[in-house]
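Chemist: Please arrange chains B and C on chain A, whose structure you already have, making use of the hints.
Residue numbers (my numbering), protein chains in the order written: chain A, 3 to 277; chain B, 472 to 730; chain C, 699 to 1039.
Since the hints were made in silico from the structure, they are not lab data.
Honestly, I wouldn't trust all of these hints.
Straight-line alpha carbon distances no greater than 27 Å define the calculated BS3-like cross-link-like pairs of lysine-lysine that follow [stated by the list, open to error]:
{"hint": "1", "chain 1": "B", "residue 1": "K561", "chain 2": "A", "residue 2": "K268"}
{"hint": "2", "chain 1": "C", "residue 1": "K924", "chain 2": "C", "residue 2": "K708"}
{"hint": "3", "chain 1": "C", "residue 1": "K774", "chain 2": "C", "residue 2": "K728"}
{"hint": "4", "chain 1": "C", "residue 1": "K774", "chain 2": "B", "residue 2": "K561"}
{"hint": "5", "chain 1": "C", "residue 1": "K965", "chain 2": "C", "residue 2": "K720"}
{"hint": "6", "chain 1": "C", "residue 1": "K853", "chain 2": "C", "residue 2": "K720"}
{"hint": "7", "chain 1": "C", "residue 1": "K720", "chain 2": "B", "residue 2": "K561"}
{"hint": "8", "chain 1": "C", "residue 1": "K881", "chain 2": "C", "residue 2": "K819"}
{"hint": "9", "chain 1": "A", "residue 1": "K268", "chain 2": "A", "residue 2": "K193"}
Quick caveat, the model's predicted, so the values are computed rather than measured.
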Amino acid sequence: MFQNRTEALALALPAALFAALVFLLPVVILLSEGFHIDGSWTLSAYTGFFSQSLNRTVFLRTFKLGLEVTAVSAVIGYAAAFAIVNLPPKGKGRMIGLVTLPLMISPVARTYAWIVILGRTGIVNQAIQGLGLSDSPLRLLFTETAVFIGLLQLFLPLMILSLISALENMPKDAIPAARVLGANWFQVFWKVILPLTREGLVVGGTLVFTGSLTAYITPAVLGGSKVLMLETLLYQQVSVANDFVAASVIAFMLIVMSFAANILLKRLATARNKR
Amino acid sequence: MTSRILSPLVLGLLLIFLIGPFFIIIAASLSAGDTLAFPPQGLSLRWVFKVFTIDSFRDSFAMSMLLAVGGTLAALVLGIPAAYALSRYKLPGAETIRTIVSLPIIVPGIIVGLALLRYLVVPFGFNITLALFFAHTALVLPYAVRVVSASLNNLRSDIEEAAVLLGSSRSGAFFRVVMPNIRGGILAAFILGFVTSFNQVPVSLFLSGPGVRTLPIDMLGYMETTYDPSIAALSALLAFLSIGIVFLAERFLGFSRYV
Amino acid sequence: MSDTYLQLDKLTLAYGDTVAVKDLDLSIKKGELVALLGPSGCGKTTTMRSIAGLLNPASGRITLDGADITRVSANKRNVGLVFQSYALFPHLTVYENVAFGLRLKGISGQDLDARVTAGIKSVGLASFAARKPGELSGGQQQRVALARSMVMEPKVLLLDEPLSNLDARLRLEMRAELQRVQKETGVTMIFVTHDQIEALALADRIVVMLDGGIEQIGTPEEIYNKPVSAFVADFVGFENVFALENGKLATSNSLVELSAPVPQAAKGLAWRPRMVILGSGPFQGTVRGTSFAGNVREYLLDTPLGPIKAEVDAGEPSHTIGSTLAFDLPLGAAAPLSRYR
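Chain A on its own, in the form it takes in the complex (with noise of 0.2 Å):
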């Protein structure tokens, strides 16, 4: 009954033709704008956006904050996965839940409290001059570290959740195993439960470092025009400057690192599957 291919395709093709026409066709055309200046094909708008030095600090820093964030909170993420999945069934549920919670609010509503926190008038500063350690506020929004913090805050859960189905996939006795052949704590984590829960690292990792780098709000809310990310220096430059090859220069830049993540997480995908 489910043979007739020109039926599949006539229920599939509205859908794909509506995504390629409202989303591939105009991102495509938008990349060529970078690569295709003044009539021929050339890579000096490449060239000409990493000759300017802000450009090139903005594109390293939205790098390192990415390589930061996903660094910090995997060994969080590790800490607070292997607690959660020791927890008894209930309190675990429970646990994923509170997690998961964050991730259904507005980014724009989780990096706002920051401001209430980090602000001149926030509580980190409240509580730095109420312990005396400075007289006068301290300056800690628009500050790299706010945004890190703000994007710490925002895919955090990403990795948590991702390691707990790691652990979780684990077999149960590998850990006393160890143990019983003497194994340390750090070697336990090292040597077991690193290499059994790689998967779900990479698949955490993939996730918070693309996250980070594709960032809109947190770096433009913490970060404003002081710490300029991938994303905001592009609306910068639209919106400002006018200047669209820039734009596209750095979209298509957005572009490759998202695909290359989701590339290696469909690999291990298929690779898990396998098994």
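Modeler: Quick look at chains B and C alone, frame taken from chain A:
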């Protein structure tokens, strides 16, 4: 063992880090003072009420709602047949179609908004709201296809064959026998799509204009000029809305099963 | 034949490029209970699905009650199908499941209620009408599936492995149920199975299939006692099957003369384990294995003819593993095969 102290400590700190800010916003929004501060200077609901009186918030809220509901419905109208085709048939080029439909998850939203602005809105005078609508539909489409596919894969296809043999047409079989059994998946896809669209910022960044603004964009604009607790109040309200929807979904639907 | 009800002519069925059934010819009379018997992959289920209209033939013709239904869509053929998984609609009650097809025909009100209630009652599930499939046992679900098809008064009722999923006791009950339905309604029934015992017990005629074609068609007695090929012989329990070359038994390394001349047209010979004579005879064998099966004892012998399976009454003196003994394959007890392959 040390984990008896360490574990609750780690989890406690984690929760404070992840959810603490949310409570701070709630507290800040209840401030009686004129500026954004924590701890709040006195308690009052005036900022919460103020939010409802700001015209641009009301308008952009309506816009966001419209896009979320309309976009998700459109995504389902496109996505359900596609999911059906992918799940039931041996489709030539199935992988390609899946990839194309999943693109919106992979391509950063800001790029799409920009591209639509530049090639559709500006040159052709294409209506911005319509462009926004298309963009949001495309954004939700991958989720619609994925969640509905999962539901379809869990439903045996022989009940459709049974229905046909009892005299039903193919489309009749779909509506009488398939839809009632994937209702949960469709609802879950709708909720997921709604929340995704409502909270979306990058796609809507460039597709804004006079009278055309989604709520998050409006909030961002407001934040740049005014420092009163209204944004905190609005954020808190929106957060409650999202949490409420998901909570109800989980309670009456077992939402987490579908995603 | 003038009383042919369902006719398959040179039917070829394929999935994409893979041919499942090739040039199949089959005639079924009205009111017959026919079994399509064979191992998985032989094409029996594919043939059944094409009769139902769920698969379009690559070539060939299907005629039902005088009309060519080859290109008629599945929802217009009035053919009933009880699926192996029963395929009940999980969101509908038993009543609504059974009423489904009738409603589609436009039947409603008292007429509908009378028919549905009668149908449910006839399979003994009157008190289950308001339940949903999820609340029923496997056997009960199957009976609902049967009622659902039967209330439509189909021209042909197809059943896919109707007894395979049932335990021994339910199997007997379901067998009786199917026979009752057939007797009461006279409906033409075709069922698909890989189990020869099912086929032998239920069918008026058995169609043995292999590799997309028919090996043999016959009554259960014919199939059981007079298999035409080595495959059919093996399928119905002749465990000692040999090809014949120049009137001699062909074993893996030699040709063995038999005590009497073999039938002219025979290309092979087959013996049931019961027919093997142990203790005397022209051949020698060593007992490799033995098992006690209640009223009989089975023996596996290593012999120059290859492995031989024998069966004797449990009361007979037993032979130990490793002992050698003489045995015979009496020609009179052999089933002659008209072809080997």
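Chemist: Where does the structure disagree with the numbered hints, that is, which hint numbers, in rising order?
Modeler: As far as the earlier hints go, not one is violated by this structure.
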